[in-house]
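Participant: One letter stands for each residue in the lines below.
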Amino acid sequence: MSKNMLAGPWFWMRTAPGISIVTAVVVAVIATVQSGPYVLVNVVVTGGMLALVATGLTLMLGVLNIPMFAHGEYFMIGSLTAYYIFTPISAFIMEHPESWLVTFGPIIAILGAMIGGAIAGIISEKLVFGPLRRRSTDNWVMNSFLLTVGVSVLLVNLHQLIFGADFKGIVGYWQGMPVSIADVYISKDRAMAFVISAVIVALFYLFMTYTRTGMAIRAVSQDITGAEIVGIDIEKIVMLTISLACALAAVAGGSLLFMYPSYPTVGLEPLYMAWFVVILSGLGNILGAVAGAFMVALLKVITVEYVGAGWDFVVPSALIMLILIFKPSGIFGSDVRGVLDK
Amino acid sequence: MLLEVTNLNAGYGYLQILRDVSLHINKGEYVGIVGPNGAGKSTFMKTVAGLLSPMSGRVMFNGEDITGLSGSDVSRKGIAFVSEEMNLFVNMTVQENLYMGAYNIKEKKRQNERLEFVFELFPRLAERKKQLAGTMSGGERKMLAIGRGMMSDPSLMLVDEPSFGLAPQLTANVFESLDVLMKNGVTILLVEQNVTKTLAVTHRGYVLENGKIVLEGKSADLAEDSYVRKVFLGV
Ligand SMILES: Nc1ncnc2c1ncn2[C@@H]1O[C@H](COP(=O)(O)OP(=O)(O)O)[C@@H](O)[C@H]1O
Ligand SMILES: [Mg+2]
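Chains as they are written, first to last, in our numbering: chain A, 161 to 502; chain B, 529 to 763.
Hints are supplied without guarantee of correctness; some may be wrong.
Unchecked claim - Label-pair distances were calculated between CB atoms; the ranges are:
1. ARG586/B / LEU314/A: 36 to 46 Å
2. GLY745/B / LEU287/A: 52 to 62 Å
3. LYS657/B / VAL355/A: 30 to 40 Å
Hints are computed from structural coordinates only; laboratory data are not their basis.
All C-beta atoms in this analysis are idealised placements derived from N, C-alpha and C, irrespective of residue type, glycine included.
All chains should be modelled from the sequences, with the hints used to inform the complete structure.
Facilitator: Below you can see the structure in the form of structure tokens.
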């Protein structure tokens with residue numbers, strides 16, 4: 161992409177990423193003007209969450225070659241963890257409105273969700289993916305895919321068995337007046353949800369680009385034998401990647417608990433949406449996944465707004481089919497194998 | 529003895545390729561393995577480098593048993609492997625690839641010293657340091673692969689077919705750079721199909737056929753050997 165940038169913005173605007181980003185921005189602006197700023201707010205909040213889940217998927221697919229269909233369940237684990245951490249905190253806040261927990265309680269719950277997701281990821285690697293990898297890597301993509309479907313079913317049913325099928329939600333994380341930007345009022349929870357996803361995605365990008373470990377993850381995704389040759393401990397990187405990917409999904413689930421109460425299949429929608437993102441943006445890079453996340457969010461919000469609430473899966477699916485026909489590598493897909501590159 | 533391989537048997541799954549291969553390299557030596565296509569030369573290199581686990585046999589390095597260690601552990605012991613496929617990180621720049629080669633070196637200062645050394649050896653890489661490895665030409669990639677191997681300051685380099693697919697001029701360049709490495713005190717095990725050239729530059733050589741060592745000796749002697757001349761040089 162940087163090469164195209166050098167050739168001037170006009171050239172860039174005629175490439176696939178250029179066309180889609182410009183179109184998305186124009187559509188967003190028109191929709192906002194026509195229907196009101198809440199459209200934009202919804203796109204930004206949903207997009208931020210999707211970016212987290214989709215980056216996790218990209219990691220799993222790019223580094224481990226696993227088409228992850230259990231990723232929604234780590235979102236669910238995040239929301240469940242946050243619920244069980246925040247419920248007692250919020251009871252405590254009711255009695256002690258001056259406590260520091262009023263501000264930091266939600267952060268604790270969301271961080272807890274992230275850690276819970278990371279631990280769940282490590283357990284899955286130890287019990288499920290690791291054993292399969294050591295047994296045989298023949299037909300890996302298919303086998304690991306089937307395994308993730310199994311993990312998904314298992315986790316959904318475990319949730320139902322242990323915690324029940326009811327909605328476990330909270331009224332809100334942060335109390336107080338909505339934040340107002342220009343003339344738009346955004347609830348504190350929504351604003352914070354976006355800030356959290358933005359900060360995490362930015363930190364994650366810096367980590368992948370500049371740190372020794374982040375570079376090792378990229379090296380494994382580009383050439384696993386090469387990575388082993390230079391002395392990278394593959395098992396360690398695999399473990400780290402799975403826990404990172406799951407933590408990203410879980411933190412999304414945790415920070416959105418106020419919108420999506422936890423229940424067994426709460427992860428399905430984010431999972432499908434994140435897959436739309438990955439197919440749409442291709443296995444190009446983190447930034448591609450982030451841009452794709454906001455595009456899918458826009459598509460979803462606009463569909464709900466102008467077509468009807470029942471259609472928000474149909475329109476993105478139709479678009480995915482078109483993309484698979486005309487540009488199978490996705491909008492930002494790179495020609496060279498390897499994810500997570502600039 | 530820097531490397532001592534005894535009765536190595538190895539292969540892929542149930543398919544055995546190497547049969548009782550024994551080989552040794554002294555410190556500072558430049559040793560070649562020659563043999564026809566499919567003889568098992570790459571299989572041998574991959575087994576020593578830890579990318580394949582042997583069925584039986586022993587690999588000693590620096591007096592330490594390294595049989596069956598993983599590739600990353602072998603690399604940490606000080607063996608650098610430049611594979612036939614090069615296994616570069618195609619979406620990283622030349623410089624990033626080189627830094628990855630120094631993954632085992634923790635201090636930034638030593639990494640930079642190695643980088644300077646490699647850039648001196650291959651000025652071409654210095655000119656191209658911001659270029660993505662995947663966009664380099666075949667010869668440049670070979671240089672990068674060798675340079676990346678050098679970055680870890682190895683005591684032994686395993687180099688598999690560095691001249692494969694290169695134009696004669698580039699082949700000469702690659703051999704020259706290996707010569708420079710050797711003079712810098714690096715021990716090298718070279719696998720090549722270019723028999724004449726290999727026997728001309730190395731100290732000692734082994735002939736591998738059908739997974740077995742059939743001949744070994746001083747390279748100069750091997751080059752004169754009637755069997756070698758008949759089979760490989762067609763004279
Ligand atoms: N990954 C593999 N799986 C199965 N057989 C292999 C594999 N790689 C190489 N072989 C077989 O092992 C034999 C030796 O190959 P190799 O070591 O690459 O030979 P050389 O490097 O001497 O040309 C060949 O018969 C080849 O077909
Ligand atoms: Mg070979």
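Participant: Give a verdict on every hint.
Facilitator: Comparing the hints with the structure gives:
1. For ARG586/B paired with LEU314/A, a C-beta distance near 44 Å keeps the hint of 36 to 46 Å intact.
2. In this structure the hint that GLY745/B and LEU287/A lie 52 to 62 Å apart at CB holds, the actual value being about 54 Å.
3. One distance hint, 30 to 40 Å for the beta-carbon pair LYS657/B and VAL355/A, holds here, with the actual separation near 38 Å.
The structure shown violates none of the earlier numbered hints.
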